[in-house]
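Chains as they are written, first to last, in the working numbering: chain A, 1 to 135; chain B, 1001 to 1408.
Computed list of chain B residues with no C-beta within reach of chain A, every gap over 10 Å: (1) T1098; (2) M1113; (3) M1114; (4) P1256; (5) Q1264; (6) D1288.
30 Å max Cα-Cα, derived DSSO-like pairs, lysine-lysine: (7) B:K1208 - A:K45; (8) B:K1289 - A:K45; (9) A:K118 - B:K1208; (10) A:K78 - B:K1028; (11) B:K1289 - B:K1318; (12) A:K45 - A:K118; (13) A:K118 - A:K78.
Hints are computed from structural coordinates only; laboratory data are not their basis.
Predicted, not measured: the structure shown is a model, and the values here were computed from it.
Ideal placement from N, C-alpha and C gives every residue a C-beta, glycine not left out.
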Amino acid sequence: MTRILRCHIGVGPSVTGTALVADDNFSARYDLDRINGVFSRPQHKLHGQSYVDMILVLNTAKGGVASAWMLHEMTTRKIAPKALVLNSANTILVQGAALANLSMVDRFEDGDITGLIKTGETVTVDPAAGEIRIS
Amino acid sequence: MRLTTEEEAMLAGEMGSALQWAIDHQIKVGSFFDAVDMVPVSQAHMMADPESVGDAGVEFMESIAASNCWVAIPMITDPRGVDLAHYRPLGQTEEMATLERRFIAACESIGIMMTNTCINYQTIMPPVRGDHVAYGDTGVVIYSNSVCGARSNFEGGPSALAAGLTGRTPRYGLHLDEKRMATRRYRISDQPAELTDWGVLGAVIGRKAGSYWEVPVIEGIENIPTSDEIKHFGAAMASYGSTPLFHIVGITPEAPNLAAVGGQELPVDAITTEDIAALRAGFPGHGDKLDVVVLAAPQLSIVEMQSVAGLCKGHKMKTPLIVCTSPQVYGDATRMGFVETIESAGGTVLCGTCFYNQYAREIGEANGWVNLLSNSAKIVNILGGYGYRPALASMDDCISAAISGRMI
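Only chain A is shown next, with the shape it has when bound in the complex (with noise of 0.2 Å):
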């Protein structure tokens, strides 16, 4: 049974792909290995997993403005996560995936999205649609 989520309207294309979830912050600066294309800072939550072509659902972002250029970078190397759902995206996350055409969303109407997904759950992101589907 597929369970919909509703949230903002987003950007980027529609994606389907497996969650990886943590209730932690995200920034590509901060938290990536983006060579190897894995979490490196060691107090992130989910460090040492891969992001590759994940749907990673997080609380919100941290840090500075080079997400914004990573995003892109990252994407164009395809090492980059398919999506990023998000309770609340900052004003760099979002300007980065609209560079990148990456999938994001966020503001979710039944409350905490990390609570919500699973890891390894599929999920498809719809941005233009303003939700997310979990099969």
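Once you've looked at the hints, dock chain B against the given chain A.
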């Protein structure tokens, strides 16, 4: 979004492909945040170091430059990733320098001024209260919003570029009065005494606030901070919390009193001695071994450069000391003898870069640097993800450690 006739022409491609990309990008971002229109901006400031930008970003920037456009407003840049006068000794490669040179050439060809600084509010042209700007670098944005009373969102490199080209930005977030009102209220009791104390306090508040959309208002600060102190405070808050604006009651311009920022009904969250200690405990020294000492993030002002030179005078470093400052300060610091004093002691002064955005992982690996000491609460927060074990200490203790060659 509601577009003017000129903006419609940009979107239709009537003003060239660069402006078409720029306004389309701004509409996408503005729509995400429910902006109803654009607001003119007086300056743009772009972060675009080659590590972040990569080959793809350099090619993108070159494609913009090839379209024969020119910036619409004064546009300046954040620190670069390669000091082209000093990259080989750091272990940076010719490929990195080449990317840097290509990006700089593309920027210059469309009228971007390569100021290469994250302290433009101290050295270039500080914005004034109510001034709408499109600034990159979180430290620049939080200082400009909070201390100057200007109005900017965090504008990542692509969006700052778009703003520089169109002369406007989507009107959302901190361009709106209602988004600048306080949402969290903090009261401090321990008074910060020096730069690192201010950074730690900013870090604690940023971590507690924890979101771009929260606006802290702070009570209990008894002494008016210097520009350097409040720059460390803001830079750390932005780093730990992605926070773009704070108010300090009786000090920052939009908060002559608590009511002015709507803070009187907010519950008080006390910043305790334990909160401060817990933040510091996250960045301890790891035994005696010390690989490198870094003073950066933000770049050092001329006043900080004088302090560093004073601490270095007459000593010899046993551990590499790297100091990052802006090209504007570097010129003065050279003229005044501070650079020579620091370098005579064995330190290295880099011009127009900042340590964390100059291929920090690669230069760490090239030089065998793991145990790093800094007085910047911001930089120790960043470098853990780059393979370092960062520790935090005051500027005095950092220099002492570099002289003795041992972690404090």
